Amino acid sequence: MFTYSLYGLAVIFLSFSFLKDKERTKQALVKAWKSLEKVLPDFTAVLVLVGLAITLLSPQVISRFIGQDTGFFGMLFTGVVGAVTLIPGFVAFPLADSLLQLGAGIEQVAVFVSTLMMVGVITAPLEIRYFGVKQTLIRNGLSFILAFGIAYLLGVLV
Amino acid sequence: MKLVVRYRMFLIFLGLSAGVAIFKPELQEPLMRNTVFNFSQMLAVLPPIFILLGLLDQWVPRNVVIKYMGRESGFKGILLSIILGASSAGPLYGAFPFAAVMLIKGVRLANIVIFLSSWATLKIPMFLFESTALGLRFAVFRWLLNLPVILFIAYTVEYFVSDDEHKTMIEKAQLQG
Numbered sequence: 001m002f003t004y005s006l007y008g009l010a011v012i013f014l015s016f017s018f019l020k021d022k023e024r025t026k027q028a029l030v031k032a033w034k035s036l037e038k039v040l041p042d043f044t045a046v047l048v049l050v051g052l053a054i055t056l057l058s059p060q061v062i063s064r065f066i067g068q069d070t071g072f073f074g075m076l077f078t079g080v081v082g083a084v085t086l087i088p089g090f091v092a093f094p095l096a097d098s099l100l101q102l103g104a105g106i107e108q109v110a111v112f113v114s115t116l117m118m119v120g121v122i123t124a125p126l127e128i129r130y131f132g133v134k135q136t137l138i139r140n141g142l143s144f145i146l147a148f149g150i151a152y153l154l155g156v157l158v
Numbered sequence: 159m160k161l162v163v164r165y166r167m168f169l170i171f172l173g174l175s176a177g178v179a180i181f182k183p184e185l186q187e188p189l190m191r192n193t194v195f196n197f198s199q200m201l202a203v204l205p206p207i208f209i210l211l212g213l214l215d216q217w218v219p220r221n222v223v224i225k226y227m228g229r230e231s232g233f234k235g236i237l238l239s240i241i242l243g244a245s246s247a248g249p250l251y252g253a254f255p256f257a258a259v260m261l262i263k264g265v266r267l268a269n270i271v272i273f274l275s276s277w278a279t280l281k282i283p284m285f286l287f288e289s290t291a292l293g294l295r296f297a298v299f300r301w302l303l304n305l306p307v308i309l310f311i312a313y314t315v316e317y318f319v320s321d322d323e324h325k326t327m328i329e330k331a332q333l334q335g
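Sequence order for the protein chains is A and B.
In terms of the numbering used here, the first sequence opens at residue 1 and continues consecutively.
In terms of the numbering used here, the second sequence opens at residue 159 and continues consecutively.
Because the hints were derived from the structure by calculation, they are not lab data.
Any given hint could turn out to be false.
[Stated by the list, open to error] No farther apart than 16 Å at their CA atoms in a straight line, the calculated lysine to aspartate or glutamate pairs in the EDC-like style are these:
1. A:K31 with B:E323
2. B:K234 with B:E187
3. A:K34 with B:D215
4. B:K263 with B:E329
5. B:K263 with B:E184
6. A:K134 with B:D322
7. A:K134 with B:E230
8. B:K160 with A:D97
9. A:K134 with B:E316
Since the model is a prediction, treat every value here as computed from it, not as a measurement.
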């Protein structure tokens, strides 16, 4: 649905642009294609790698590993799993829910959700390519560490 | 041949996947399904993103971007970065090219990181999924707790990245675009 709205937005702006200035619109499209073509090798590589990672660390495998509640090491484990995998939200949240049902604590599940979204080990090379090593290390590193703080507070609040 | 060199990482990982599929036949089907799903998801999202980027590049002047999201943009810039990030769709790596163009256009580094982090974890469609699966209370508190965390990360990155490194970053981003 959000993909469709993205297309809608692109079509609307593109039409406006075309009505106002054909030459500029052409240049915008050339630019769009050039940028896309430039990142395609990295993107396709990441996508294959992500497919492999999701398959090897499937929801079933993860829930088998985490089992019953496992304290800080359980948090560390789910944190690392979240950081190295890239599972789409609509798969991750039901998975997180089933982990809760299996007896995992809120903290473990919260760490998993946070690192899953904020930390991308697999996509780090791509992020470095765009923003350099320092930004990538600080953003991912702090996101990982602070996920534990968020999880702890969530455990108290929820 | 040039194409093979450019896509070498892609080919290496593809070979790795093929290896896994051969030695673990039971994984063939999910591996195929996951990889195809990834590609279809990205191929669906990237064209409109890059078209919008091309238009942004042509039509939005640098000084306007700087005014709203640059060094002196203050609270307005923060708010705008959060809104832009949170109303996004798709995986985080879709945000990289967008953020790179913002960087080139003169958006403050902290706001770039706020945008990236909001995209990663404050996305509204995600929030809807999350509150259905894990409960509204969990989703709301996690969203709210992430706000200060994101600001902290953003200003830490900005603090540690020197002006020279910032310049190099912009040059790098220009090479990508």
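Verification of the hints:
1. A:K31 with B:E323: Given that 16 Å is the threshold and the Cα spacing comes to 26 Å, the pair is violated.
2. B:K234 with B:E187: Outside the cut-off at roughly 49 Å; violated.
3. A:K34 with B:D215: holds, 13 Å
4. B:K263 with B:E329: holds, 12 Å
5. B:K263 with B:E184: Answer violated: K263 of chain B to E184 of chain B is near 49 Å, above 16 Å.
6. A:K134 with B:D322: holds, 13 Å
7. A:K134 with B:E230: With a Cα-Cα distance of about 23 Å, the restraint between K134 of chain A and E230 of chain B is violated, given a limit of 16 Å.
8. B:K160 with A:D97: Violated, at about 47 Å.
9. A:K134 with B:E316: This hinted pair holds, its Cα atoms lying about 10 Å apart.
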